[in-house]
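Asks: Chain order of the listed sequences is A and B.
Residue numbers for the first sequence follow our numbering, so the first one is 52 and each next one is one higher.
Residue numbers for the second sequence follow our numbering, so the first one is 3 and each next one is one higher.
Don't read these hints as lab results, they were simulated from the structure.
This one's a predicted model, so the numbers in the text were calculated from it and none came from an experiment.
Do not rely on the hints blindly, as some may be mistaken.
[To be verified] Using 30 angstroms as the maximum straight-line C-alpha spacing, the simulated DSBU-like pairs for lysine-lysine come out as follows: (1) B:Lys44 - A:Lys155; (2) A:Lys155 - A:Lys166; (3) A:Lys128 - A:Lys191; (4) A:Lys155 - A:Lys242; (5) A:Lys198 - A:Lys242; (6) A:Lys166 - A:Lys191; (7) A:Lys242 - B:Lys44; (8) A:Lys191 - B:Lys44; (9) A:Lys155 - A:Lys198.
[To be verified] One-sided and incomplete, this derived list gives chain B residues near chain A with beta-carbon spacing under 8 angstroms: (10) Asp5; (11) Glu7; (12) Ala50; (13) Ala51; (14) Asn53; (15) Ala62; (16) Leu119; (17) Glu121; (18) Arg124; (19) Gly127; (20) Ala128; (21) Gln132; (22) Leu143; (23) Arg178; (24) Arg216.
The beta carbon of each residue, even a glycine, is placed where N, CA and C say it ideally should be.
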Amino acid sequence: MIDAAPNPSAAIVRLQSVSRTFGAVAALDRVDLEVERGEIFGIIGRSGAGKSTLIRTINALERIDAGRVIVDGRDLKSLDEAALNGMRRNIGMIFQHFNLLSMKTVFENVELPLKLAGEPRAARAAAVWRLLDLVGLRDKAAIYPAKLSGGQKQRVGIARALASQPALLLSDEATSALDPETTLSILRLLKDLQGTLGVTIVLITHEMSVIREICDRVAVLDHGRIVEQGPVWEVFARPRTELTRRLLRTVRPPLPEPLQRSLRPDPPAAGRTLLRVGSSSLDQYSAVLAPLADPRWQAQIVHAEVDRIQAHSIGTVTFSVRYRGADAQSALLTVLQGHRAEVEVLGYVDG
Amino acid sequence: MDDLELFAAALGETAAMVGVSGLLSLSFGLPLGLLLVITETKGIWPLAAVNRVLAALINAFRSIPFIILLVALIPLTRLIVGTTIGTTAAIVPLTIAATPYYARIAEMSLREVDPGLIEALRALGASRWQIVREALVPEALPGLVSGFTVTLVTLIGASAMAGAVGAGGLGDLAIRYGYQRFETRIMIGVIVVLIAIVSAVQVAGDSIARRLDRR
């Protein structure tokens, strides 16, 4: 095991100013990224953001127009075809649609990477049984993939990806074709594997719930650019971009239904503002509350929750405050943000 | 010779022509079909020039009617098998006609293989040859078998024309006895036998393809 000392060589994957264009469209626009050994790194974005292109540059399934991709200290551009194939054997990959060979049994699918690497038959069999035990599919060894459920197919995909004992596992929307319950079981499996095998995982997803469930760090991709990245709890507590906020809405409990319905985007003549105030340090919440205690605001708490992410408690409280004009409101927001709180104006209500 | 012996001899000649030219066109046509698929721009071995030349050649041979090919290839046939008449001589034009035919059919089956599987193999560090051997051909196998069945049936039909170079076989029997000697019984007999053979080949081919298919 490589120690966790914070030096640049601890990164197993490094992307330096990587660009890729398709025609006039920049799929990737000067992307810089570092993935630490042993972590689960999530890349989130909407469809068309360039996620798929990005993850494919890491094992050179996608070529790049500019920049450098360095995996395990080696610049992929410097590798010839044979060396690249050797490198790819050390990088596992799982796919949204599993991509299992339909004419091979579960056993043969998992065995394939070892066969490609020229391992002798006897050694292969032992390894395949161990992998099938790892993903809980020993009893399905002789079955063809068509007879498996989606979750089972992805388990086979994971076993196949791990057969060559890779240091790095790439996951391309691996749970997007699965139902929520199966998604959770696959995510737990990935998390377990990271713990027991120490494998580094880079995953792409369009679901914040996946990021929240297993990732250590996250990068938000938009139009081929990384617009935000950091530890998951930090991005959840203090999203810096509108896109991230929008993506986060899917994992935060929504406002009570009647409140949602009466919410409007523009301030009324006489009405109240709904403010969502988030903070990653609950003990500092009193500082956040102080300015709101001013009776002029007539502040009321309409909704509150505490979320725990990566052992951090992230509090989110929604206040309703008297709307007293644009200037007064922006002054209040500035004060609140001064206390390292994440403040979002959700909208306005009458009253 | 009684009728039964006539039929037995003709059947043997047809089987020999179709069997040998079928196997030959399989062993030439499959690699050509593979080459067509892997050398295209998005293939695993992009070679635009090779792809274009190959496609043009295959189209050229496929556009020549078999009866013309049969005559036009007489010099080549002499060169290869030393004779221009008989069953052996017919195998040359039959093979040359069926090879591009099967190449196109194989190409279609190979093209239907999910690109995701090719990508998965590339991600596993498979070489081109390994991708062909482990994914492309096995995944297309049911289609390749069905296509070979179609090729065999086409060859049975074409082999009847090969009677024109004295190749014998069922077609020759029908022409010489059934048509020229007005022996309607023989003509009907040949038709019945041909229907039986074609049906048997088709049923066998379908059953093999179905048994191979795991999807």
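Asks: Against this structure, judge whether each hint is valid.
Replies: Evaluation of the provided hints:
{"no.": "1", "hint": "B:Lys44 - A:Lys155", "verdict": "holds, 25 angstroms"}
{"no.": "2", "hint": "A:Lys155 - A:Lys166", "verdict": "holds, 13 angstroms"}
{"no.": "3", "hint": "A:Lys128 - A:Lys191", "verdict": "violated, 40 angstroms"}
{"no.": "4", "hint": "A:Lys155 - A:Lys242", "verdict": "holds, 28 angstroms"}
{"no.": "5", "hint": "A:Lys198 - A:Lys242", "verdict": "holds, 26 angstroms"}
{"no.": "6", "hint": "A:Lys166 - A:Lys191", "verdict": "holds, 20 angstroms"}
{"no.": "7", "hint": "A:Lys242 - B:Lys44", "verdict": "violated, 36 angstroms"}
{"no.": "8", "hint": "A:Lys191 - B:Lys44", "verdict": "violated, 35 angstroms"}
{"no.": "9", "hint": "A:Lys155 - A:Lys198", "verdict": "holds, 12 angstroms"}
{"no.": "10", "hint": "Asp5", "verdict": "violated, 47 angstroms"}
{"no.": "11", "hint": "Glu7", "verdict": "violated, 45 angstroms"}
{"no.": "12", "hint": "Ala50", "verdict": "violated, 17 angstroms"}
{"no.": "13", "hint": "Ala51", "verdict": "violated, 20 angstroms"}
{"no.": "14", "hint": "Asn53", "verdict": "violated, 20 angstroms"}
{"no.": "15", "hint": "Ala62", "verdict": "violated, 34 angstroms"}
{"no.": "16", "hint": "Leu119", "verdict": "holds, 6 angstroms"}
{"no.": "17", "hint": "Glu121", "verdict": "holds, 6 angstroms"}
{"no.": "18", "hint": "Arg124", "verdict": "holds, 6 angstroms"}
{"no.": "19", "hint": "Gly127", "verdict": "holds, 4 angstroms"}
{"no.": "20", "hint": "Ala128", "verdict": "holds, 5 angstroms"}
{"no.": "21", "hint": "Gln132", "verdict": "holds, 6 angstroms"}
{"no.": "22", "hint": "Leu143", "verdict": "holds, 6 angstroms"}
{"no.": "23", "hint": "Arg178", "verdict": "violated, 47 angstroms"}
{"no.": "24", "hint": "Arg216", "verdict": "holds, 4 angstroms"}
In terms of the numbered hints stated before, the structure departs from hints 3, 7, 8, 10, 11, 12, 13, 14, 15, 23, listed from lowest to highest.
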